[in-house]
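Colleague: For reference, the chains in residue letters:
Number of protein chains: 2
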Amino acid sequence: MDLKSYLSEKKQLIEAFLESYYSAPFPPKILRESMVYSLSAGGKRVRPILCLAAYEACGGRVEDAVPQASAIELIHTYSLIHDDLPAMDNDDLRRGKPTNHKVFGEGIAVLAGDGLLTDAFCLFADRRFRRPVIADSAIAQCVCELAHAAGSQGMVGGQAQDLLSENSEPDPITLIFIHEHKTAALISVSVRIGAILAGADEEKLERLTRYGENIGLAFQVIDDILDVEGETEVIGKPKGSDEKKKKLTYPRLYGIEESRRKAKELIDASVSALSVFDGKAEPLRAVARYLYERRN
Amino acid sequence: MDLKSYLSEKKQLIEAFLESYYSAPFPPKILRESMVYSLSAGGKRVRPILCLAAYEACGGRVEDAVPQASAIELIHTYSLIHDDLPAMDNDDLRRGKPTNHKVFGEGIAVLAGDGLLTDAFCLFADRRFRRPVIADSAIAQCVCELAHAAGSQGMVGGQAQDLLSENSEPDPITLIFIHEHKTAALISVSVRIGAILAGADEEKLERLTRYGENIGLAFQVIDDILDVEGETEVIGKPKGSDEKKKKLTYPRLYGIEESRRKAKELIDASVSALSVFDGKAEPLRAVARYLYERRN
Chain Y
322 MDLKSYLSEK KQLIEAFLES YYSAPFPPKI LRESMVYSLS AGGKRVRPIL CLAAYEACGG
382 RVEDAVPQAS AIELIHTYSL IHDDLPAMDN DDLRRGKPTN HKVFGEGIAV LAGDGLLTDA
442 FCLFADRRFR RPVIADSAIA QCVCELAHAA GSQGMVGGQA QDLLSENSEP DPITLIFIHE
502 HKTAALISVS VRIGAILAGA DEEKLERLTR YGENIGLAFQ VIDDILDVEG ETEVIGKPKG
562 SDEKKKKLTY PRLYGIEESR RKAKELIDAS VSALSVFDGK AEPLRAVARY LYERRN
Chain D
322 MDLKSYLSEK KQLIEAFLES YYSAPFPPKI LRESMVYSLS AGGKRVRPIL CLAAYEACGG
382 RVEDAVPQAS AIELIHTYSL IHDDLPAMDN DDLRRGKPTN HKVFGEGIAV LAGDGLLTDA
442 FCLFADRRFR RPVIADSAIA QCVCELAHAA GSQGMVGGQA QDLLSENSEP DPITLIFIHE
502 HKTAALISVS VRIGAILAGA DEEKLERLTR YGENIGLAFQ VIDDILDVEG ETEVIGKPKG
562 SDEKKKKLTY PRLYGIEESR RKAKELIDAS VSALSVFDGK AEPLRAVARY LYERRN
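For the protein sequence lines, the chains are Y and D, in the order given.
The first sequence begins at 322 in the working numbering and counts up one residue at a time.
The second sequence begins at 322 in the working numbering and counts up one residue at a time.
Incorrect hints may appear among the rest.
Which copy is meant is left open, because identical chains are indistinguishable; a pair holds if it fits in one copy or across any two.
Said to hold, decoys possible - 35 Å max Cα-Cα, derived DSBU-like pairs, lysine-lysine:
#1 Lys-601 <-> Lys-350
#2 Lys-568 <-> Lys-601
#3 Lys-583 <-> Lys-568
#4 Lys-418 <-> Lys-325
By construction, these hints were calculated from the structure, which means they are not laboratory data.
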């Protein structure tokens with residue numbers, strides 16, 4: 322299959338939806354500007370695309386799940402804004418552009434994050450954006466799972482542990498906890514949400530969960546490798562910026578070679594989990610391989 | 322009716338639920354500690370109590386809606402933590418105790434707020450805490466309405482406008498915008514949620530919406546009056562702290578007498594809206610009168 326076209330089509334669907342979702346102005350002007358600034362800062366839309374691909378693998382029509390998939394991107398974007406704050410990672414650059422608080426100030430950046438996070442749940446459950454094919458029971462279950470993956474025992478917990486581990490000696494258990502919670506949880510739930518919205522049976526849901534967990538972990542390992550190897554122009558932040566902050570990373574703990582091997586193993590496991598699926602799961606398989614090969 | 326007993330009984334139900342909800346430890350320890358610190362800092366639980374009272378007024382059994390009502394308190398608590406941050410109102414005291422970031426540091430305070438906000442939606446939709454009498458469709462509608470009231474076009478928007486209006490000359494339109502969004506929206510939706518969860522008909526829902534809107538605005542006007550008149554020991558923050566920051570407030574714009582008259586008018590309108598309800602709405606009426614008379 323032509324993955325490039327697939328990714329760019331899905332990306333367009335999501336970005337068109339997000340743009341229309343925030344097209345009507347509301348006061349105060351600067352809050353919306355700040356939210357839209359980070360939302361349109363050039364993300365790859367990996368999470369919503371995985372959601373749509375899982376929805377499709379379970380027999381759904383991609384167009385029907387675009388609003389809910391886009392809601393996941395709001396949550397991802399909020400997490401980047403808050404992670405970059407001076408009280409957190411204190412980053413000035415994100416995807417090659419000044420971070421939200423550098424442009425709009427800290428107070429508005431906190432609120433832009435809060436707004437995106439909260440709006441995500443409104444959008445996810447909003448009847449005006451929901452195709453009749455998606456049941457109320459699926460919405461309720463997904464809201465709970467999405468919030469669990471993003472909340473104190475998911476992404477927020479991972480970020481808290483990451484913050485507490487700065488400048489400390491690396492240890493493998495903490496590293497895996499951070500990766501599983503900070504990154505893998507939201508990626509993995511994105512896949513599950515696609516399946517649940519499509520009404521997948523237990524076996525398919527279980528397989529896609531395994532796919533998501535493996536790909537979620539792989540994603541962060543690869544991110545860590547890219548931070549060491551990548552160039553500033555390509556990854557959008559200074560090369561080795563994690564190392565400067567003595568962040569716990571895979572390459573720091575195990576070296577580059579072992580990290581690459583680990584990433585490959587996780588990607589292979591994610592593809593194996595899809596063995597019961599037919600050709601409709603081809604995009605999920607291709608995305609897994611693409612993540613391993615990506616350079617930014 | 323004995324409002325004091327009513328309020329203390331409902332408060333106990335909510336606090337017992339919240340305590341059990343966060344009773345199991347999860348890492349990192351300090352994140353949970355920080356969330357529980359603010360959650361148990363002595364709130365009056367006005368929003369969840371209003372939700373339960375509306376649920377009851379529409380014929381529901383209070384016990385059945387405790388988890389969903391408690392979720393609203395998580396959102397309220399997150400908003401206090403973020404509002405107090407140095408980049409926002411920069412408050413050191415809240416309800417007579419050091420604010421969250423004073424105890425746990427700014428980074429953890431941001432994350433504690435993020436965690437509470439996100440967990441609220443997980444709790445609200447969680448099947449494990451849901452009585453069968455509450456339908457999936459009601460959950461989906463409430464999630465959307467709750468997130469809308471709390472999000473960028475609700476509470477977050479109000480706080481953003483409040484932040485942008487510091488040190489500026491007061492003007493009535495901005496003041497009403499801030500009150501309606503920052504405070505009234507969440508109070509008002511709390512009442513609506515009680516009604517929707519109970520399956521209220523259109524007329525009752527419309528009446529309770531009017532009740533909630535009026536009481537929500539009254540609540541903030543009275544808060545402003547208390548800030549001028551109250552004593553530090555009673556309201557838990559230094560008297561006149563809004564004035565020091567040149568915050569836009571009702572008393573600053575209209576004086577104390579006119580503010581009192583306005584609060585009375587709003588409370589009366591909220592009680593009038595309940596005319597179609599029977600004795601089951603007595604707690605809602607009593608709460609309205611109590612809010613007017615409160616001294617902290």
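Colleague: Treating 35 Å as the Cα threshold, decide for Lys-568 and Lys-601: within, between, both or neither.
Modeller: neither (39 Å within a copy, 58 Å between copies)
Colleague: Given identical chains, is Lys-601 near Lys-350, meaning Cα to Cα at most 35 Å, within a copy, between copies, both, or neither?
Modeller: neither (43 Å within a copy, 43 Å between copies)
Colleague: Taking 35 Å as the upper bound on the Cα-Cα distance, should Lys-583 and Lys-568 be classified as within, between, both, or neither?
Modeller: within (19 Å within a copy, 55 Å between copies)
Colleague: Between the shortest in-copy and the shortest cross-copy C-alpha distance, which are at most 35 Å for Lys-418 and Lys-325: within, between, both, or neither?
Modeller: within (24 Å within a copy, 55 Å between copies)
In summary, the structure is inconsistent with hints 1, 2 from the numbered list given earlier, while agreeing with the others.
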